[in-house]
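In the numbering used here, the protein residues as written are 20 to 280.
Just to be clear, a hint being listed does not mean it is correct.
Quick list of in silico lysine to aspartate or glutamate cross-link-like pairs, EDC-like style, CA-CA up to 20 Å [unchecked claim]:
{"#": "1", "residue 1": "Lys-169", "residue 2": "Glu-254"}
{"#": "2", "residue 1": "Lys-171", "residue 2": "Asp-51"}
{"#": "3", "residue 1": "Lys-164", "residue 2": "Asp-86"}
{"#": "4", "residue 1": "Lys-160", "residue 2": "Asp-117"}
{"#": "5", "residue 1": "Lys-169", "residue 2": "Asp-83"}
{"#": "6", "residue 1": "Lys-171", "residue 2": "Asp-83"}
{"#": "7", "residue 1": "Lys-160", "residue 2": "Asp-83"}
{"#": "8", "residue 1": "Lys-160", "residue 2": "Asp-115"}
{"#": "9", "residue 1": "Lys-174", "residue 2": "Asp-51"}
{"#": "10", "residue 1": "Lys-160", "residue 2": "Asp-86"}
{"#": "11", "residue 1": "Lys-164", "residue 2": "Asp-101"}
{"#": "12", "residue 1": "Lys-160", "residue 2": "Glu-45"}
Hints are computed from structural coordinates only; laboratory data are not their basis.
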Amino acid sequence: MINLDRSADRLAGVTAEFSRIGIPFERVAGVDAAIGAPIVAPPLTEAEVCCFFSHRLCWQIIADGPDRYGAVFEDDVVFSHDAGSLLADGSWIPPDADIIKLETFFNRVRLGSQHVAVAAGYSARRLLGQHLGSCGYVVSKSAAKWLLSKTKLPKAAVDVALFAPNQTTAARNTTYQLMPALCAQVQFVSENRGPATLIQFAPQPPRNKRIIDRIQAEATRALAQLRNRNSFATEKVDAVPLRFPLAMEANTDPNPVQALP
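Model the full assembly from the supplied sequences, consistent with the hints where possible.
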């Protein structure tokens, strides 16, 4: 779990959140933009660079560790009421998964039509379109190593690098979306929207790209489509729901999506 040293209040809040679902966590001290970014990587801002390097610290721990998968969270995460049962045991993870997006941004996204039953009424579906946010995801040991080798000089915000199909870092991976989602940023589920996050920033407005950059982006998107040629059956989902206690928000879903056999 990524948390800045100066954010003791946020650490207290996320500690309570993990305690609520009965799951221990390892705190990773985030790279703080207030101190300065470790490198300059235009067009990224210092904050975006520091956010990216904070996630790279987590990938390094997973790459060096003994487990096949690791979960990465930011300190503004809010979990579904039953998240603990999935996070306590990784045997449900599809064997071909490189990354599993656990959160929802409640925006429209394209998914594979096939539901892969996992556990506790959840299912996993191939993530075939852009779904930003890096508040909660699972990454394999092999994918963590590959991401580390390809992101020494970040070229996009971390959630774009992970979950935008026009990025090589995303197109190379087999990525799933958990349905319904296991977590979300507190701003989406709290009545007062919670404190402004110091780690995850809203996507920047589109920047003017050179023609060569546009060609590369389209080529990468084509590569992603080629890799997913067996996932021709797709569905555009208006919003990935979050299974949440009492379904207090309109975009939450107390009833799990039924997985196909």
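Query - Restraint status (C-alpha distance of Lys-164 to Asp-86 at most 20 Å) - result: holds (13 Å)
Query raised in the report: Holds or violated: are the alpha carbons of Lys-169 and Asp-83 at most 20 Å from each other?
Result: Given that 20 Å is the threshold and the Cα spacing comes to 17 Å, the pair holds.
Requested in this report: For the pair we were handed, Lys-160 and Asp-83, check the Cα-Cα distance against 20 Å.
Outcome: holds (8 Å)
Query raised in the report: Keeping to a limit of 20 Å between CA atoms, is the pair of Lys-160 and Glu-45 held or broken?
Result: Distance of about 17 Å is within 20 Å: holds.
Query - Hinted pair Lys-174 and Asp-51, Cα distance within 20 Å - result: Given that 20 Å is the threshold and the Cα spacing comes to 19 Å, the pair holds.
**Report entry** Restraint check for Lys-160 with Asp-86, where alpha carbons must lie at most 20 Å apart
**Finding:** Holds. Lys-160 to Asp-86 sits at ~7 Å (cutoff 20 Å).
Query raised in the report: Under the criterion that the straight-line Cα-Cα distance not exceed 20 Å, is the pair Lys-171, Asp-83 satisfied?
Result: holds (17 Å)
**Report entry** Straight-line alpha-carbon gap Lys-160 to Asp-117, limit 20 Å
**Finding:** holds (8 Å)
Query raised in the report: Does the structure keep Lys-169 and Glu-254 at a Cα separation of 20 Å or less?
Result: Measuring from Cα to Cα gives roughly 30 Å; hence the hint is violated.
Query raised in the report: Is the straight-line distance between the alpha-carbon of Lys-171 and that of Asp-51 20 Å or less?
Result: holds (18 Å)
**Report entry** Pair hint Lys-164 and Asp-101, alpha-carbon separation not exceeding 20 Å
**Finding:** Violated, because 30 Å separates the two Cα atoms, which is more than 20 Å.
Query raised in the report: Under the criterion that the straight-line Cα-Cα distance not exceed 20 Å, is the pair Lys-160, Asp-115 satisfied?
Result: Answer holds: Lys-160 to Asp-115 is near 12 Å, not above 20 Å.
Of the numbered hints given earlier, the model fails hints 1 and 11; all others are met.
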